[in-house]
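Sequences are here, hints too, so could you generate the full structure?
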Amino acid sequence: SAGFGLQLEQEYGTGRPVETEAWYEYVPEQGPHRRESGESGAGALVSGDALLALQSGRIEPRHQRELKALMRRLIRYHLGERELKSQALFY
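This note's numbering puts the first residue of the sequence shown at 689, with every later residue one more than the last.
No lab work stands behind these hints, which were simulated from the structure alone.
Built from N, CA and C at the ideal position, the CB exists for glycine as well.
Please note that a few of the clues may not be correct.
Restraint-style ranges between C-beta atoms, simulated for each label pair [as the list claims (entries may be wrong)]:
(1) R750 <-> Q698: 19 to 25 Å
(2) V715 <-> S744: 18 to 24 Å
(3) R770 <-> P749: 29 to 35 Å
(4) G701 <-> I763: 23 to 29 Å
(5) R723 <-> R770: 28 to 34 Å
In structure tokens form, the structure reads like this:
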């Protein structure tokens, strides 16, 4: 099956490897954009450590909050105005 994955290992535009100590804004259909400490973009920031943990499948409890927020933003982006059916069960 053909599918699309998230770009998690390289910075968008530069191709540089994502660094564990750096912070990124994840832009749908592009990937991680490096941000300086205290700088924010349109979305919330996610650590390079969490992005690399997601890529490797080795997610630790410390990554869960930021990755949950990232996944929700990406799902919302792709759904647009449509509602996720499983969310409707809880409201």
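Going down the list of hints, with the structure as the test:
| no. | hint | in the structure |
| --- | --- | --- |
| 1 | R750 <-> Q698: 19 to 25 Å | holds (23 Å) |
| 2 | V715 <-> S744: 18 to 24 Å | holds (21 Å) |
| 3 | R770 <-> P749: 29 to 35 Å | holds (31 Å) |
| 4 | G701 <-> I763: 23 to 29 Å | holds (24 Å) |
| 5 | R723 <-> R770: 28 to 34 Å | holds (30 Å) |
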